[in-house]
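Visitor: Sequence:
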Amino acid sequence: MSTYAQLSDLERLLAEERSQFRTATGTSLEALDDARVEDIRLRFSGRNSPLQEWLKGLRALPPEERKGAGALINALKNDIESELEVFLVRYRAYAEDKRLAQESDDLTLPLPEVRFGSRHPVAVATRMLVEPLQRMGFQYIDGPEIESDFFNFEALNIPADHPAREMQDTFFLASAKGMEWVLRTQTSSVQAHALKERGVPLKIVCAGYTYRNEYDMTHIPTFRQIECLVVDKGVNLAHMRHTLSVFFSEVFGRPVKLRLRSSYFPFTEPSAEIDVECQQCHGAGCRSCKHTGWLELGGCGLVNRNVLLKCGVDPDVYGGFAFGMGIDRIAMSKFAVSDLRALYEGDVPFLKDFHLA
Numbered sequence: 002m003s004t005y006a007q008l009s010d011l012e013r014l015l016a017e018e019r020s021q022f023r024t025a026t027g028t029s030l031e032a033l034d035d036a037r038v039e040d041i042r043l044r045f046s047g048r049n050s051p052l053q054e055w056l057k058g059l060r061a062l063p064p065e066e067r068k069g070a071g072a073l074i075n076a077l078k079n080d081i082e083s084e085l086e087v088f089l090v091r092y093r094a095y096a097e098d099k100r101l102a103q104e105s106d107d108l109t110l111p112l113p114e115v116r117f118g119s120r121h122p123v124a125v126a127t128r129m130l131v132e133p134l135q136r137m138g139f140q141y142i143d144g145p146e147i148e149s150d151f152f153n154f155e156a157l158n159i160p161a162d163h164p165a166r167e168m169q170d171t172f173f174l175a176s177a178k179g180m181e182w183v184l185r186t187q188t189s190s191v192q193a194h195a196l197k198e199r200g201v202p203l204k205i206v207c208a209g210y211t212y213r214n215e216y217d218m219t220h221i222p223t224f225r226q227i228e229c230l231v232v233d234k235g236v237n238l239a240h241m242r243h244t245l246s247v248f249f250s251e252v253f254g255r256p257v258k259l260r261l262r263s264s265y266f267p268f269t270e271p272s273a274e275i276d277v278e279c280q281q282c283h284g285a286g287c288r289s290c291k292h293t294g295w296l297e298l299g300g301c302g303l304v305n306r307n308v309l310l311k312c313g314v315d316p317d318v319y320g321g322f323a324f325g326m327g328i329d330r331i332a333m334s335k336f337a338v339s340d341l342r343a344l345y346e347g348d349v350p351f352l353k354d355f356h357l358a
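Be aware that the sequence shown starts at 2, since it is given in this note's numbering, and climbs by one per residue.
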């Protein structure tokens, strides 16, 4: 590499460097490639370029010439870096255009349809249930899946010594801050949250996961429920019966036979089980409906006075009704599935048979 011992030598070297740079970057872009362009960049602006070496060699000049020599080197260094950046931008744009011109694929053509699986029957059933309720004026809300003992039991009129607690195989969690915590056993707990936090009048629907220690053809430990609540002045059983009739007709796409069987739930009074005619055998009796012709889908009733009181609502002024059901059961009936467990076994060919895009 050329060195210098006096200012005149440095001026000559800088002039030669500028000339060589102009020659290198003045080459036709067609004659260049990525490797050659990288060599030019390193040659004129790399850590080992002549300009960097000349800056290190300033100590060889007399003290009175060093300042002027340093200014000359830095001026050329700044010019080269500025012009080199323009050169690199021009080359990269040229190289990109050249690469695109050589591609055989037409990027303007539409892509072929790519399908990534399909919607799950339970997801389809969830939307199928929620949408008609929203059209009927129900507001969709959500609630926690890890619940305190108060919201999962006490606020729903199920005190600590109530026998209804024995009817649910609850997953209990560790106690914390003097309170018992559980995986919610029903979405009814959302009713208590909504009444305490939103007040009345109220017309809501909630859909989500619930948990019970059950496992057979029609029960699984983790399942989904949908819960509806209406609280207002003058609400009675006729309102509930009409709402259920319209709702199930929307869900199944045709009028369906519906019956209410007297039952018991701590959070409603009076209470009833909701049965619809089996959609697989249409009432004739089959394995899915246990040869009864009916499929139990959920429960309903007028909101118990104690629930309203615990949630701060005056039961002498307001009344309401609630109904809820397992979404998985609806999917089972809607898509003619005889064993609920089949929906969660990860059998891809089985799920593809539903053709749910």
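Possibly wrong hints are sitting among the right ones.
With a cut-off of at most 16 Å between alpha-carbon atoms, the simulated EDC-like pairs for lysine to aspartate or glutamate come out as follows [stated by the list, open to error]:
| # | residue 1 | residue 2 |
| --- | --- | --- |
| 1 | K335 | D354 |
| 2 | K178 | D150 |
| 3 | K311 | D150 |
| 4 | K99 | E155 |
| 5 | K311 | E155 |
| 6 | K258 | D276 |
| 7 | K258 | D233 |
Simulated from the structure, these hints should not be mistaken for lab results. Being a predicted model, the structure only gives us computed values, none of them experimental.
Visitor: For each hint, tell me whether it holds in the structure or not.
Guide: For each hint, the structure was consulted:
no. : hint        : result
1   : K335 x D354 : holds, 14 Å
2   : K178 x D150 : holds, 12 Å
3   : K311 x D150 : holds, 14 Å
4   : K99 x E155  : violated, 73 Å
5   : K311 x E155 : holds, 8 Å
6   : K258 x D276 : holds, 8 Å
7   : K258 x D233 : violated, 28 Å
The structure shown violates the earlier hints numbered 4, 7.
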